[in-house]
Amino acid sequence: MQRLLLLSVLLFLAGCEAPPSDTATFSPVGVDEGMGGQPDPGFERAIERREFRFPRDHGPHPSFATEWWYFTGNLGDDDDRRFGYQFTLFRVGLTPGGPTPDSDWRAHQLYMGHLALSDIDTARHLSEERFSRAAAGLAGANAEPFRVWLGPWSISGTGDATFPITIDAETAEFGIRLQLESGSKPHVLQGEHGLSRKSAEPGNASYYYSHTRLPTRGRVRIGDKEYTVEGNSWFDREWSSSALAADQAGWDWFALQLEDGRDLMFYQMRDKQGRAQRFSKGVLVGMDGKAQALTLDRVTLTPLREWPSPDGTRYPLEWQLRVPEHGLDLNVSAAFDAQEMRHTVRYWEGAVEVSGSHRGVGYLELSGYAD
Amino acid sequence: MIAMSRSLLLRASLRYLLHHRWQLALALIGIAMGVAVVLAVDLANAAAKASFALSSQQLRGAATHRIVGVTEPVPDTLYRKLFTTPGHPPMAPVVLTHVRVDGHEGRVRLLGLDVFAEGAFREQLPGLIQGEASVADWLAQPDAAALSHSAAALLGVTTGGALTLQRPNDTYPLKVFAINDDDSLASRDLIVVDIATAQAAAGMPGRLSHIDLILDDPAAIAWVTTRLPASLSLIDIAEQTNDTAGLSAAFELNLTAMSLLALLVGVFLIFNAISFSIVQRRRLLGRLRAVGIRADELFRLVMAEALILALVGGLLGSVLGYWLGQVLTQIVAATVSELYYQVSADAMTLTWQSLGKAWLLGLAGTSAAAWFPARQAARTPPLTTLSRTALEDRTRALIPRLALLGTGLLIAGLIVALYLPGGVLTGFAGLFMLLLGAALITPASLRLTHGLFTRLPLKGLWRLAVRDLDRHLSRLSTAAAALMIALAASVGIAVMVESMRGAVSDWLLGLLRADLYIVADDNLSDDATLPTEVVQQAPLLQQVGTHSSYRSRKLQIDGRRTRLIAGELAATSRAGFEFTARGADDPWSAFDRGAILISEPLAYRLGLTPGGMLSLPTPNGAQDFTVAAVFRDFASEHGRLFITASAYRQHWQDPTIDTLALFTTPGTVAELMETARERFSGRHALLFTAADEVYAESMAVFERTFRITEVLRLLSIAVAFIGILSALMALQLERRKEHAILRALGLTGKQVSRLIVIESAAMGLLAALLAVPTGLAMAWVLTAAIQLRAFGWSMPFDVSAWPLFATVAIGLVAALSASLYPAWRAGRQAPASQMRED
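Protein sequences, first through last, are from chains A and B.
First residue of the first sequence? That's 206 in my numbering, and the numbers climb one at a time after it.
First residue of the second sequence? That's 900 in my numbering, and the numbers climb one at a time after it.
Heads up, some of the hints might be wrong.
To be verified - Per label pair, the in silico range of CB-to-CB distance:
{"id": "1", "chain 1": "B", "residue 1": "Pro1067", "chain 2": "A", "residue 2": "Gly408", "range": "45 to 55 Å"}
{"id": "2", "chain 1": "B", "residue 1": "Leu1210", "chain 2": "A", "residue 2": "Ala377", "range": "56 to 66 Å"}
{"id": "3", "chain 1": "A", "residue 1": "Asp282", "chain 2": "B", "residue 2": "Ala1118", "range": "19 to 29 Å"}
{"id": "4", "chain 1": "B", "residue 1": "Ala1061", "chain 2": "A", "residue 2": "Asp429", "range": "53 to 63 Å"}
The hints are simulated quantities; they were obtained by calculation from the structure and are not laboratory data.
Idealized CB from N, CA, C, for every residue including glycine.
Excised from the complex, chain B in its bound form (with noise of 0.2 Å):
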């Protein structure tokens, strides 16, 4: 008997669905899409992640430690002291710099290493230089280069063939001495060199990056730290990874974030399939309890369908996310190598951890979403499962509970991302718990807004369209969520952007108030310094008016490489600093006498206020030092700080520059770029700049930075897009029987399409204008909690018309597309031929 109906029952399930492709194909891609987004971010990610572990696992080999210079670069008679020393541990000198390349785009890094000191660290670099060529050519030759397989072809240079290192004055020139069959990804943007070679060619004679060590106990950690000197300092190679891989992380949980909300979206759909696909079976449902069928058991059918489905649409969520998570990771590789490490967009791999984590969450979105409607079929008796009045009616005395829970959870996400301690994922899961909530108030929130609309003075067809739609409201709600969840979260995105794209303008145009900026250009190393000569004569220049000087250098703190950065501002540059705390004192007064300005992103980081102390490594040790204010600054996450040049000078011992801000008298800016050009270039490595320019590089960068963000908004508008249009076809054209009637009512097929475009706009349009307040709250909470958390980078709100008019506009479009081909179906058929179906 038990078999019997088991059987029974697949078949009526398996007839239904075969014999309504149109849903079934659209619950698939509903679920495929949310899989497939997942899939494509997790392996997007998983590539950046993988290709920068693989590279900085390559790079630090087996070293645990690393010496660094805390305000300078390691001075090469630091190794030799250690390396003559009875006793030392294993040690590694590395010259590790980024270069650029004749005829190739953008930076690869030059590595100058010590053969003889490899063997215990990196075993296949030296296995680099063991091709055919000799030890004695590759110590002696100043220009002997090895590169890998993957690095020569990036290049496009074979053994023997020339690399021109671009330097400011002139060229570099190394020859491939040797190419290594080992085509790993992490060596593609890595040219190996003697280590004589690295600090010829990158002008750091007598010093050295950083000087690998491997500390395998507590003994070996003290045998190196009482031999540094205060302006160096041992690090864990852990904590430096963190340093590097800090953006990154942040960087990465906005992508799974962003593809979590894909999911979310996907989740509605198939709830929203898979109910509706309750609604329509009521009749075959009724028959089935009314012939005996147990309610547990059409709650099996009903899961188990809702399974099968989730492991069709996971396959083909597979297949669509292992393409689409090519092109993330083209996007992704693009834009992490551009702004922080050098990530190769042919690393991606397709694993079984990011295929089970996408089934699972496709699996686990589909059992959730199945789970209510499969209750619900379970739980009617046979009498009203044949009604879609009760079943409608059901659902519509939930809609006042719901509306509650999801107004609970809105607070309490809105609480949970902007109060609650915690870092980015708090952010994250208040944001997530305030998209829920919303989605919950939806259906009470149609209802009353559909109740403003019933109350406009519309007539015949309109008026009509309008009343029939809260008749499927119930039905519509779900579809009609994850419409406007897809919405909300492109509006708060759009904002979010839109916010930081102004404030981050307007810092620049704070922080850019000179006409021409000369800069120590030099791009092997990252420590130039502006020759006396040019510091001591561009200010006298005749169209000078005033000037700034900055000295500029990394400094370690916290474990992060934040920068100092030492000023002798003129007032016009004062004037551009934007002060998002300050003490009791003049901020200024207090940093002309010795106090610092610190960045947001450190304040916050730091938890510091003005009036507080923070102690920076000198050459001379340890120096505390009072923080005057706290000012905007979007330029580095890790943190920048200024201090007057005088107390630079004092306690860095340091009186070089590296920047000159020149400020012209009006209408002279050519004039004295062009003054200063013939004065300087020809003999200096200089660097000559208007503020345009640099604020249009600036702002490139910034867009590039939100490309990918920019790409998945897209993306979860797409799902959104495929939702609400599988939602409404499957309404419109399982309404064809009531069209029919309409038709034989009197009504023109001409008007039937009509009424079906104009409901769906409707619809449409409602979810669009519900997604707009709860998007403000998203970008809200993005900007005053995720980037403050992430980043530390507080920023005014601030909303455009743009974004939520184009919002609008795409919820009004989807809906409109959606109504298309069942409007033109019910225009074209004959009233009789409807009414018969079904």
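Same shape as in the complex, but just chain A (with noise of 0.2 Å):
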């Protein structure tokens, strides 16, 4: 579910001023226009459950507006030198139809990649972003064989199956090249049978599963320092064409995996007062990959400790999870505070490490915060 907020900013490109370009990106997005409007009638709405099908559905769905492959994980080296890192692929449909074929470079949709590593011993967060069309052979995604890339980031599988995933995403600081195992959980559907509700407006979802613990091996770079990595990833697979409503302000999203084998997704929608709507949600996945949904009002989610961005945004970066009826009373902590993506729209999104009942990792996205 997460990027919503992020997704729905990007449909509406409306660049009724120049956003501040301290990144040598071109940034198309006016960040305070794209958070109310609505996407085009013309594309597909997220309002029935669907019949997922695989690989299709790992695929592109170009008749909905937004759309995300989105990876996160844990990794640590033979030294003990731990990671986090995040890559994600959107594609947004700017306009429904497919383009006017008077050019191979004529597009309808764009892709924008954001790629970090978060270098934990050192505190030191490194990321990227990137835009291009979804024209010429420049960016795109195909279901089978399956592969999403963005100019030379991709993801990638391996002949006609889809796992194992390949990620490849370099740039001239950093890079990752990582394979990424099925592992023994299958995928989960989030929300209702995979249909995920965003608000009480019907067709305010989107189809979301997520494959929750992929092992993963292989290496990061830090200038040219290659570093040879195994952990866990989260693979989050979501689309819409759905946007936030009127009231809603943000999310903050939570991805755990905890050392007993299980792994928890919870996120909170915040309305403009800052209080948890009862669209929050979220599922805990047992060891042996059976999903069970979890609803607001049977978890408890508390900020214990904020963190003041260098521009003054204050980012709650611990936290205490509990979920009674399972027994987690988990206290989540991010791994460093700097991990803050600064690019066209502000978020921050970092490797987390849990403790208290249960001890493990994961990744929390805060969004909706910055100004």
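Join the two chains into one complex using the hints; note that each chain is given alone, in its own frame.
Following this line, the structure appears as structure tokens:
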């Protein structure tokens, strides 16, 4: 679910004014203006349950306005040096329907990529953003063979199979090259059989499934230095044509992998007064891969510590997460504070450590805090 | 004591100047004109350059390198390949083409960009589309176009307005999607569209004009070069700018040289004015020396006076130059826009640099001009200062020495211009030496020519006038030299242009032998080809006797964009080539065996002669070709090459044709044109042109090129005209007393007037006559050295009588006009009153 706001922003690429451009790339998004709008009615909406089919649904769904392939993970090398990574390719439908076939470059979609690497031991956070039109072979996605790419950044299957998935994303400063096995757990359908409602309005929902624990090995690079790493990744897939409701401000999203083999996802939708809304929900995935839904009334979430980012945005980076009926009383805290993504859209996304009743690692995403 | 003498000197000087307002005014005009012309040309040049620099700067943005096609446009698959390869440097694909817009004269640039790639490159251009409209629409709407504020004004559209691009068979509609507030002149002729729109509108599917790159180290450069196929090359942007700026540099140099010429004339005028004022003040100066003013004080007085004149003249000149600069910028902008690249006429800005340069030149010129008279004034002892003849004797004694120095300079100038290695600058240096030399010889030549005049069997007033002239020669010689130089420059330029016009005309007539040309017409693409149907069937039309076919394409050689033309040439077409250098072999048999013909500019630049080898980039890599011969060619200063169609097909694997030249049986041209039009024009984008149309159009371009030259020529004549006017008028006004004596001796007022007119005319004629050989020498240097050095063009030296007559006439008219007022005054006033004066 998570990056809904991000995407709803991207949806309305109404550059009503040039965004602050401290980055070198062209930034097509006017953040403030992107929030309240509605996607073009020509796009399909997630209203009813659907029958998921694979590998087809690993591929793109261009009749929907937004879609993403979202990877996060905690990795470590032989010397126990720890890393977190986030790699996401977003597909953004700009105009419904196919483009005029007058040029290979004509595009109705664009891709945005976010790549981040957290070097936990040195508390160093590296990140980069890319954009491209989905045309002329510059960026795109296929189900069979499975491949999603944005320039040189790619997510690809192996032969005809989806797994193992290879992630390859390099920048001048850093890069990752990882192989993700399917592991022992199947995918989990979020919400109601994969239909994840975001507000009271019908159609304000997404199709959402996750692979919560994918054994991962490969290399990460910082500068000239390469590290051979392994660990677990989390893979989220979501597509929709929905936007935030007018009273929604953002969300706090948790993806935790516990040492006992269970995985927990929970997101809290916040209204503009900072209160959690009833559309907040999650899932607890057992060692056997069986999923149990989590609703707001069964979970208590308490922020414990705030971190002011360099520009003064205050992010809650330590939380108490309790699910009494499953015996969970977790302390979730940032592996280190400075993991803010400062690109076209500003949010905090970083590796977290879990302690308390259970130990584990995970990823936390905080959106809607920055101006 | 010192203070007193200084104030005394200044007062004496001031009173003198105020008393001789005419003279003061004329001296000031001389300086002002010189400064004005230099400033004006500098401003016009700077405007053209700034407009170009800004435009190319804005176009290339932060790019350091560019991938261009050696033989064809860049396939967009290459961009995809590079873009999807890890480690690629910042890149931006560009489609850039020239288009015509309905209702607008001239072509504008259509620039297709990928906004997502632009951030690192051109900051302003993506800004263009971040108006109120969305990126979604920008990408999806095939008619979305963005303009700068100035471009919208130029094209007369507002947001939401329509622009119609003309295409050979149809039009391509654009809608103004956003207008940027940026009023940059560079984007004045720029229509920015999405790259997909540019490809569609320009008919360039799958192709890019170039790929811009930012490569900041050798590793990045290597990263790109190792991934480039042979048909593409990576160029340094600076080099590419040189290519485009190459001609503009020659153009600019041309203008600068002309403006310096005007200054040179100006300097002579200043020299004349100041030395004249010294002569006139001989009594005053003598008295000052007699009351104990030292020689060096007098020297400084004259110099100070000159400097004050220079400052005031410079100020006047700046105002005049600013105004003149605007006029010149208009002309330069029009010429450059038509011939090279779009320049905006309102790009002119007055900079301190231009002002300073012009002032400094004016100051230096004035100082140099004043130095000799000042020394003269200072060195003469008190008594002789009083005597005019002494001064004139002194000057007269100098004449042979000056003549000797002048001859030396003249010969040296010829050698420098014609034989010394080096570029255009060396050529111009030689030219200036030649002119200066000729100016120094002028007094001696005047005496000589005057000697001839005196032997003419003249009677009465005429005889008196001619003999009288001799006494004033020393003072007139500077004015005469100024007039002579201006006239000589005028002759030189006129003869050069005339020679070139003749050469170009001959060349065109030789080249355009066919009766009808069928050309693939595509406004939007430089690389249109003829449909196979036309190529096969047009030569079979009933009226066609023989035909030639051509395929022309851009080829990057030595960093310059040359043109390679593959030709299947009929005998008549071959006869149109004029070879300026050929090997032992017959050029055409060598050509048929696969050797190439290269144009003169290319041969000159590369130092190639027949038998030499030239390596050409082909899709299969570099290939060596033997040069069969060098042909005269004015089509491009960058160079052209001819190759046989079969050799071209073998190396370039391109069977297409873009031009057909058809030869008819006599008297059937119109009929052929009609038949061909009927047969083909409905279905294909074709241009049917008769040879005479091409000829007329080419000659029109030629005339436009030299419009600015003509303006500058007239300007330097104007400067000289004013100079001669001032010199003669001052002289005649000074001689009022003399005239009064003549009246007293019995000459009527009318006779004195006539005397003045005849004297002036004689001097004008003398200067004009001297200007003819000097001008011819200058024309020779211009054609044989400057044109060759700048463009590699050689041409026959072609002198027609008209510019020579015109020059003599201008000299006479100038001298005559100058004498009118003094003659009128001398004829009217009573002898007694004139004698009393002074």
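Problem - Contradicted hints - numbers only - result: Hint check: nothing fails, all pass.
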